[in-house]
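Please take these sequences and the hints and turn them into a complete structure.
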Amino acid sequence: MKAKKGVLLINLGTPDSPKVSDVRKYLDEFLMDGRVIDIGTIQRNLLVRGAIVPFRSPKTAKLYNEIWDKEKGSPLLYISELQADLLRKELGSDYQVELAMRYQKPSIEEALQRLKLALVDSIQIIPLFPQYASASTGSVIEKVMKLMATWHAFPRISIINQFYDNELMIEAFADNAQEKEPEKYDHVLFSFHGLPVRQLKNVDNSGKHGCAAPSCCAQITTSNKFCYAAQCYETARLIAAKIQVNKEKYTVCFQSRLGKDPWVQPYTSDVLVDLAKKGVKRLLVLCPAFVADCLETLYEVTEEYGQEFKKLGGEHVELVPSLNDHPKWIEALKQMVLANEMESLKATY
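Mind the numbering: the sequence shown is residues 697 to 1045 in this note's numbering, read in order.
Accuracy of the hints is not assured; some may be wrong.
Listed next, the in silico BS3-like pairs over lysine-lysine satisfying Cα-Cα at most 30 Å (straight line) [claimed, not checked]:
1) K956 <-> K755
2) K785 <-> K943
3) K1006 <-> K943
4) K956 <-> K721
5) K721 <-> K785
6) K973 <-> K880
7) K801 <-> K938
8) K1030 <-> K700
9) K842 <-> K700
10) K974 <-> K943
11) K974 <-> K880
12) K801 <-> K715
13) K880 <-> K945
14) K1024 <-> K876
15) K700 <-> K721
16) K1024 <-> K766
17) K921 <-> K785
Label-pair ranges, simulated between beta-carbon atoms [to be verified]:
18) A849 <-> L1034: 17 to 27 Å
19) A845 <-> L813: 11 to 21 Å
20) E879 <-> A849: 51 to 61 Å
21) I853 <-> D734: 35 to 45 Å
22) D734 <-> L1034: 28 to 38 Å
Since the hints were made in silico from the structure, they are not lab data.
On a predicted model such as this, the values are computed, not experimentally measured, just so you know.
Glycine included, C-beta positions come from ideal geometry on N, C-alpha and C.
Pasting the structure below:
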(Lines of atoms letter the chains of each structure in order from A and count residues from 1; the text may use other names and numbers.)
(Lines give C-alpha, C1' and ligand atoms only; values in the text may rest on other atoms or scores of the structure.)
Protein backbone atom coordinates (compact mmCIF):
# COMPACT_ATOMS: atom_id res chain seq x y z
CA MET A 1 0.00 0.00 0.00
CA LYS A 2 1.27 3.44 -0.92
CA ALA A 3 2.39 5.49 2.08
CA LYS A 4 0.51 8.68 2.72
CA LYS A 5 1.98 12.15 2.93
CA GLY A 6 1.34 14.06 6.15
CA VAL A 7 0.25 17.68 6.49
CA LEU A 8 0.11 19.35 9.89
CA LEU A 9 -1.74 22.67 10.12
CA ILE A 10 -0.99 24.58 13.33
CA ASN A 11 -2.76 27.67 14.61
CA LEU A 12 -2.20 29.61 17.83
CA GLY A 13 -4.68 28.17 20.29
CA THR A 14 -7.78 28.79 22.36
CA PRO A 15 -9.13 27.96 25.82
CA ASP A 16 -11.21 24.81 26.18
CA SER A 17 -14.09 26.99 27.34
CA PRO A 18 -14.75 30.62 28.30
CA LYS A 19 -14.57 29.69 31.99
CA VAL A 20 -12.00 31.67 33.98
CA SER A 21 -10.14 28.48 34.94
CA ASP A 22 -9.74 27.39 31.31
CA VAL A 23 -8.77 30.87 30.17
CA ARG A 24 -6.19 31.03 32.97
CA LYS A 25 -4.73 27.69 31.86
CA TYR A 26 -4.52 28.88 28.26
CA LEU A 27 -2.96 32.25 29.09
CA ASP A 28 -0.42 30.61 31.38
CA GLU A 29 0.81 28.26 28.65
CA PHE A 30 0.75 30.98 26.00
CA LEU A 31 2.50 33.72 27.97
CA MET A 32 5.06 31.43 29.60
CA ASP A 33 6.42 30.64 26.13
CA GLY A 34 9.91 32.16 26.04
CA ARG A 35 9.40 33.26 22.43
CA VAL A 36 6.22 35.17 23.31
CA ILE A 37 7.57 37.00 26.34
CA ASP A 38 11.28 36.84 25.64
CA ILE A 39 12.76 37.67 29.04
CA GLY A 40 14.51 35.52 31.64
CA THR A 41 12.57 32.52 32.98
CA ILE A 42 12.42 33.82 36.56
CA GLN A 43 11.31 37.28 35.42
CA ARG A 44 8.76 35.80 33.04
CA ASN A 45 7.37 33.52 35.74
CA LEU A 46 6.95 36.42 38.18
CA LEU A 47 5.40 38.65 35.53
CA VAL A 48 3.05 36.10 33.98
CA ARG A 49 1.97 34.08 37.00
CA GLY A 50 2.29 36.84 39.53
CA ALA A 51 0.66 39.70 37.64
CA ILE A 52 -0.71 39.14 34.14
CA VAL A 53 -2.60 35.84 34.36
CA PRO A 54 -4.35 36.40 37.73
CA PHE A 55 -5.66 39.82 36.68
CA ARG A 56 -6.19 39.23 32.97
CA SER A 57 -7.95 35.84 33.10
CA PRO A 58 -11.35 37.06 34.40
CA LYS A 59 -11.38 39.97 31.91
CA THR A 60 -10.37 37.78 28.98
CA ALA A 61 -12.94 35.13 29.97
CA LYS A 62 -15.69 37.77 29.63
CA LEU A 63 -14.47 38.58 26.14
CA TYR A 64 -14.45 34.93 25.11
CA ASN A 65 -18.01 34.65 26.42
CA GLU A 66 -19.01 37.34 23.92
CA ILE A 67 -17.79 35.39 20.87
CA TRP A 68 -18.26 31.79 22.06
CA ASP A 69 -20.74 29.74 20.05
CA LYS A 70 -22.93 27.63 22.35
CA GLU A 71 -22.91 24.70 19.93
CA LYS A 72 -19.60 25.00 18.05
CA GLY A 73 -17.39 26.51 20.76
CA SER A 74 -14.37 28.72 20.00
CA PRO A 75 -14.52 30.37 16.55
CA LEU A 76 -10.77 29.91 16.03
CA LEU A 77 -11.06 26.18 16.68
CA TYR A 78 -14.18 25.34 14.69
CA ILE A 79 -13.10 27.49 11.74
CA SER A 80 -9.63 25.87 11.78
CA GLU A 81 -11.25 22.43 11.89
CA LEU A 82 -13.37 23.40 8.89
CA GLN A 83 -10.27 24.55 7.00
CA ALA A 84 -8.54 21.24 7.73
CA ASP A 85 -11.61 19.27 6.56
CA LEU A 86 -11.84 21.24 3.33
CA LEU A 87 -8.12 20.84 2.63
CA ARG A 88 -8.41 17.11 3.34
CA LYS A 89 -11.10 16.82 0.66
CA GLU A 90 -9.07 18.86 -1.83
CA LEU A 91 -5.86 16.86 -1.39
CA GLY A 92 -7.53 13.46 -1.50
CA SER A 93 -6.58 10.09 -0.09
CA ASP A 94 -2.83 10.44 -0.74
CA TYR A 95 -2.59 12.90 2.14
CA GLN A 96 -3.36 12.76 5.85
CA VAL A 97 -4.19 16.25 7.14
CA GLU A 98 -4.03 16.93 10.87
CA LEU A 99 -4.85 20.09 12.82
CA ALA A 100 -3.17 21.23 16.02
CA MET A 101 -2.91 24.30 18.20
CA ARG A 102 0.36 25.61 19.58
CA TYR A 103 -1.31 26.06 22.96
CA GLN A 104 -3.96 23.78 24.45
CA LYS A 105 -6.02 21.40 22.30
CA PRO A 106 -5.83 19.71 19.88
CA SER A 107 -2.17 19.34 20.81
CA ILE A 108 0.79 19.19 18.44
CA GLU A 109 2.06 16.11 20.26
CA GLU A 110 -1.14 14.14 19.59
CA ALA A 111 -1.27 15.25 15.94
CA LEU A 112 2.34 14.20 15.36
CA GLN A 113 1.65 10.86 17.01
CA ARG A 114 -1.26 10.22 14.63
CA LEU A 115 0.99 10.96 11.66
CA LYS A 116 3.69 8.72 13.09
CA LEU A 117 1.28 5.81 13.55
CA ALA A 118 -0.02 6.34 10.01
CA LEU A 119 3.52 5.62 8.74
CA VAL A 120 3.53 8.71 6.54
CA ASP A 121 6.63 9.11 4.40
CA SER A 122 6.68 12.91 4.74
CA ILE A 123 5.30 15.62 7.01
CA GLN A 124 4.70 19.21 5.94
CA ILE A 125 4.42 21.61 8.87
CA ILE A 126 2.30 24.69 8.09
CA PRO A 127 2.04 27.27 10.88
CA LEU A 128 -1.08 29.24 9.97
CA PHE A 129 0.51 32.67 10.30
CA PRO A 130 1.02 34.48 6.96
CA GLN A 131 3.78 36.74 8.29
CA TYR A 132 6.80 35.21 10.02
CA ALA A 133 7.40 36.04 13.70
CA SER A 134 9.54 34.27 16.25
CA ALA A 135 6.65 34.45 18.74
CA SER A 136 4.27 32.57 16.43
CA THR A 137 5.84 30.61 13.56
CA GLY A 138 9.19 30.36 15.37
CA SER A 139 7.49 29.01 18.48
CA VAL A 140 5.61 26.39 16.47
CA ILE A 141 8.78 25.19 14.75
CA GLU A 142 10.66 24.99 18.05
CA LYS A 143 7.82 22.98 19.64
CA VAL A 144 7.66 20.53 16.73
CA MET A 145 11.43 20.00 16.82
CA LYS A 146 11.40 19.34 20.58
CA LEU A 147 8.59 16.81 20.27
CA MET A 148 10.23 14.99 17.36
CA ALA A 149 13.69 14.96 18.97
CA THR A 150 12.98 11.55 20.55
CA TRP A 151 11.85 9.91 17.31
CA HIS A 152 14.18 7.20 16.03
CA ALA A 153 12.92 7.19 12.46
CA PHE A 154 12.10 10.40 10.64
CA PRO A 155 9.92 10.86 7.57
CA ARG A 156 10.90 13.65 5.20
CA ILE A 157 10.18 16.93 7.04
CA SER A 158 9.49 20.32 5.47
CA ILE A 159 8.16 23.61 6.84
CA ILE A 160 6.25 26.43 5.17
CA ASN A 161 7.34 29.28 7.42
CA GLN A 162 5.65 32.24 5.69
CA PHE A 163 3.18 33.02 2.93
CA TYR A 164 2.51 36.74 3.37
CA ASP A 165 2.52 37.34 -0.40
CA ASN A 166 0.70 34.21 -1.55
CA GLU A 167 -1.35 35.31 -4.55
CA LEU A 168 -4.45 33.23 -3.85
CA MET A 169 -4.46 34.28 -0.19
CA ILE A 170 -4.24 37.93 -1.24
CA GLU A 171 -7.12 37.41 -3.67
CA ALA A 172 -9.25 35.79 -0.96
CA PHE A 173 -8.73 38.74 1.40
CA ALA A 174 -9.48 41.11 -1.49
CA ASP A 175 -12.67 39.22 -2.39
CA ASN A 176 -13.93 39.55 1.19
CA ALA A 177 -13.09 43.25 1.20
CA GLN A 178 -14.81 43.85 -2.14
CA GLU A 179 -18.04 42.42 -0.75
CA LYS A 180 -18.03 45.28 1.77
CA GLU A 181 -17.69 47.83 -1.08
CA PRO A 182 -14.54 49.71 0.04
CA GLU A 183 -15.51 52.79 -1.97
CA LYS A 184 -18.29 53.45 0.55
CA TYR A 185 -15.77 53.97 3.38
CA ASP A 186 -13.64 57.01 4.15
CA HIS A 187 -10.55 54.98 5.01
CA VAL A 188 -9.26 51.41 5.12
CA LEU A 189 -7.25 50.04 8.05
CA PHE A 190 -4.95 47.02 7.85
CA SER A 191 -4.67 46.10 11.51
CA PHE A 192 -2.07 43.43 12.32
CA HIS A 193 -1.24 41.82 15.64
CA GLY A 194 1.53 43.72 17.41
CA LEU A 195 4.99 42.60 18.50
CA PRO A 196 7.69 44.12 20.73
CA VAL A 197 10.23 46.05 18.63
CA ARG A 198 13.07 43.98 20.11
CA GLN A 199 11.59 40.84 18.53
CA LEU A 200 11.69 42.46 15.11
CA LYS A 201 15.33 43.38 15.62
CA ASN A 202 16.25 39.86 16.74
CA VAL A 203 15.29 38.24 13.42
CA ASP A 204 17.88 40.27 11.51
CA ASN A 205 20.75 37.83 11.14
CA SER A 206 22.72 40.32 9.03
CA GLY A 207 22.91 42.96 11.75
CA LYS A 208 22.21 45.62 9.11
CA HIS A 209 18.47 46.01 9.41
CA GLY A 210 16.92 45.71 12.85
CA CYS A 211 14.17 48.27 12.23
CA ALA A 212 16.77 51.00 12.53
CA ALA A 213 16.96 52.00 8.87
CA PRO A 214 14.90 55.08 7.88
CA SER A 215 12.64 53.07 5.57
CA CYS A 216 13.16 49.60 6.98
CA CYS A 217 9.68 48.33 6.12
CA ALA A 218 9.26 50.01 2.73
CA GLN A 219 10.07 46.81 0.85
CA ILE A 220 11.27 43.26 1.43
CA THR A 221 15.06 42.97 1.17
CA THR A 222 17.66 40.30 1.87
CA SER A 223 18.30 41.63 5.37
CA ASN A 224 14.68 42.15 6.44
CA LYS A 225 13.08 39.13 4.76
CA PHE A 226 12.06 37.71 8.16
CA CYS A 227 10.89 41.07 9.52
CA TYR A 228 7.28 40.73 10.62
CA ALA A 229 6.51 44.42 10.10
CA ALA A 230 8.00 44.50 6.61
CA GLN A 231 5.93 41.46 5.64
CA CYS A 232 2.79 43.08 7.09
CA TYR A 233 3.32 46.19 4.98
CA GLU A 234 3.82 44.04 1.88
CA THR A 235 0.65 42.03 2.53
CA ALA A 236 -1.33 45.25 2.96
CA ARG A 237 0.17 46.76 -0.20
CA LEU A 238 -0.79 43.71 -2.26
CA ILE A 239 -4.37 43.60 -0.94
CA ALA A 240 -4.78 47.37 -1.38
CA ALA A 241 -3.69 47.05 -5.01
CA LYS A 242 -6.27 44.31 -5.59
CA ILE A 243 -9.12 46.37 -4.16
CA GLN A 244 -7.82 49.53 -5.85
CA VAL A 245 -7.27 51.58 -2.69
CA ASN A 246 -4.43 54.08 -3.02
CA LYS A 247 -1.80 54.88 -0.36
CA GLU A 248 -3.64 57.96 0.89
CA LYS A 249 -6.76 55.90 1.62
CA TYR A 250 -5.30 53.16 3.80
CA THR A 251 -3.15 52.81 6.91
CA VAL A 252 -1.16 49.88 8.31
CA CYS A 253 -1.32 49.63 12.11
CA PHE A 254 -0.74 47.15 14.95
CA GLN A 255 -3.05 46.04 17.76
CA SER A 256 -2.93 43.97 20.98
CA ARG A 257 0.19 45.33 22.67
CA LEU A 258 1.15 44.18 26.16
CA GLY A 259 3.41 45.78 28.77
CA LYS A 260 5.44 49.00 28.79
CA ASP A 261 8.20 48.12 26.31
CA PRO A 262 7.90 49.72 22.85
CA TRP A 263 5.95 47.68 20.31
CA VAL A 264 5.87 48.11 16.56
CA GLN A 265 3.94 51.24 15.61
CA PRO A 266 1.66 52.88 14.71
CA TYR A 267 -0.75 51.46 17.30
CA THR A 268 -4.30 50.90 16.03
CA SER A 269 -5.77 52.91 18.92
CA ASP A 270 -3.56 55.91 18.05
CA VAL A 271 -4.51 55.69 14.39
CA LEU A 272 -8.21 55.79 15.35
CA VAL A 273 -7.60 59.04 17.23
CA ASP A 274 -5.72 60.56 14.31
CA LEU A 275 -8.33 59.56 11.73
CA ALA A 276 -11.19 60.85 13.88
CA LYS A 277 -9.42 64.22 14.19
CA LYS A 278 -9.20 64.35 10.39
CA GLY A 279 -12.95 63.88 10.10
CA VAL A 280 -12.98 60.24 9.00
CA LYS A 281 -16.39 58.74 9.83
CA ARG A 282 -16.53 55.28 8.29
CA LEU A 283 -13.73 52.72 8.57
CA LEU A 284 -13.25 49.40 6.83
CA VAL A 285 -10.84 47.12 8.73
CA LEU A 286 -8.92 44.08 7.50
CA CYS A 287 -6.80 41.87 9.80
CA PRO A 288 -4.50 39.94 7.42
CA ALA A 289 -2.39 38.39 10.20
CA PHE A 290 -5.28 36.02 10.96
CA VAL A 291 -6.46 33.28 8.60
CA ALA A 292 -9.49 32.53 10.80
CA ASP A 293 -11.69 34.90 12.75
CA CYS A 294 -10.97 34.87 16.46
CA LEU A 295 -11.04 37.01 19.61
CA GLU A 296 -8.73 39.63 18.07
CA THR A 297 -10.99 40.17 15.07
CA LEU A 298 -14.49 39.41 16.31
CA TYR A 299 -14.21 41.33 19.58
CA GLU A 300 -11.14 43.56 19.65
CA VAL A 301 -11.83 45.15 16.26
CA THR A 302 -15.61 44.91 16.00
CA GLU A 303 -16.47 45.80 19.60
CA GLU A 304 -13.53 47.55 21.29
CA TYR A 305 -12.27 49.60 18.37
CA GLY A 306 -15.81 50.14 17.10
CA GLN A 307 -16.90 51.66 20.41
CA GLU A 308 -13.66 53.61 20.78
CA PHE A 309 -14.02 55.14 17.31
CA LYS A 310 -17.60 56.24 17.99
CA LYS A 311 -16.51 57.96 21.22
CA LEU A 312 -13.93 59.85 19.17
CA GLY A 313 -16.61 61.10 16.79
CA GLY A 314 -16.56 58.37 14.17
CA GLU A 315 -19.69 56.65 12.96
CA HIS A 316 -18.90 53.07 12.01
CA VAL A 317 -16.16 50.43 12.00
CA GLU A 318 -16.78 47.49 9.65
CA LEU A 319 -14.70 44.30 9.91
CA VAL A 320 -13.82 42.39 6.76
CA PRO A 321 -14.14 38.66 7.58
CA SER A 322 -10.94 36.67 7.67
CA LEU A 323 -10.13 33.92 5.17
CA ASN A 324 -12.14 31.28 7.03
CA ASP A 325 -13.58 28.83 4.45
CA HIS A 326 -13.05 31.00 1.35
CA PRO A 327 -12.45 28.62 -1.60
CA LYS A 328 -9.39 30.57 -2.77
CA TRP A 329 -7.80 30.21 0.67
CA ILE A 330 -8.35 26.45 0.68
CA GLU A 331 -6.93 26.34 -2.83
CA ALA A 332 -3.97 28.41 -1.63
CA LEU A 333 -3.27 25.86 1.09
CA LYS A 334 -3.57 23.03 -1.42
CA GLN A 335 -1.18 24.69 -3.87
CA MET A 336 1.32 25.42 -1.08
CA VAL A 337 1.28 21.76 -0.06
CA LEU A 338 1.72 20.48 -3.61
CA ALA A 339 4.45 22.99 -4.52
CA ASN A 340 6.32 22.36 -1.28
CA GLU A 341 6.12 18.62 -1.85
CA MET A 342 7.71 19.02 -5.27
CA GLU A 343 10.47 21.28 -3.92
CA SER A 344 11.15 18.84 -1.10
CA LEU A 345 11.43 15.91 -3.53
CA LYS A 346 13.82 17.90 -5.75
CA ALA A 347 16.02 18.69 -2.75
CA THR A 348 16.02 15.00 -1.79
CA TYR A 349 17.08 13.79 -5.22
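**Message:** Check whether the Cα positions of K880 and K945 lie no farther apart than 30 Å.
**Reply:** 12 Å, holds
**Asked** Quick one, are K974 and K880 close enough, alpha carbons at most 30 Å?
**Response** Holds, at about 17 Å.
**Message:** Next pair to validate is K801 with K715; report whether the Cα-Cα distance is within 30 Å.
**Reply:** Judged against 30 Å, a Cα distance of about 15 Å means the pair holds.
**Asked** Given the proposed pairing of K801 with K938, does the C-alpha separation stay at or below 30 Å?
**Response** The hint is violated at about 36 Å.
**Message:** Against the 30 Å threshold, does the CA-CA distance of K974 and K943 hold or violate the hint?
**Reply:** 16 Å, holds
**Message:** Does K700 sit within 30 Å of K842, going by the straight-line distance between their CA atoms?
**Reply:** 23 Å, holds
**Request:** Take the C-alpha atoms of K785 and K943, compute the straight-line distance between them, and say whether it is at most 30 Å.
**Result:** Violated, because 39 Å separates the two Cα atoms, which is more than 30 Å.
**Request:** Would you mind confirming whether the straight-line C-alpha gap from K973 to K880 stays at or under 30 Å?
**Result:** Roughly 20 Å between the alpha carbons, so the hint for K973 and K880 holds.
**Item:** Straight-line alpha-carbon gap K1024 to K766, limit 30 Å
**Value:** Holds, at about 29 Å.
**Prompt:** Has the given pair, K721 with K785, been kept, meaning a C-alpha gap of at most 30 Å?
**Reply:** 34 Å, violated
**Message:** Please verify whether K1006 and K943 have alpha carbons no more than 30 Å apart.
**Reply:** This hinted pair holds, its Cα atoms lying about 24 Å apart.
**Asked** Has the given pair, K1024 with K876, been kept, meaning a C-alpha gap of at most 30 Å?
**Response** 18 Å, holds
Checked against the numbered hints given earlier, the structure breaks hints 2, 5, 7, 15, 17 and 21 and satisfies all the rest.
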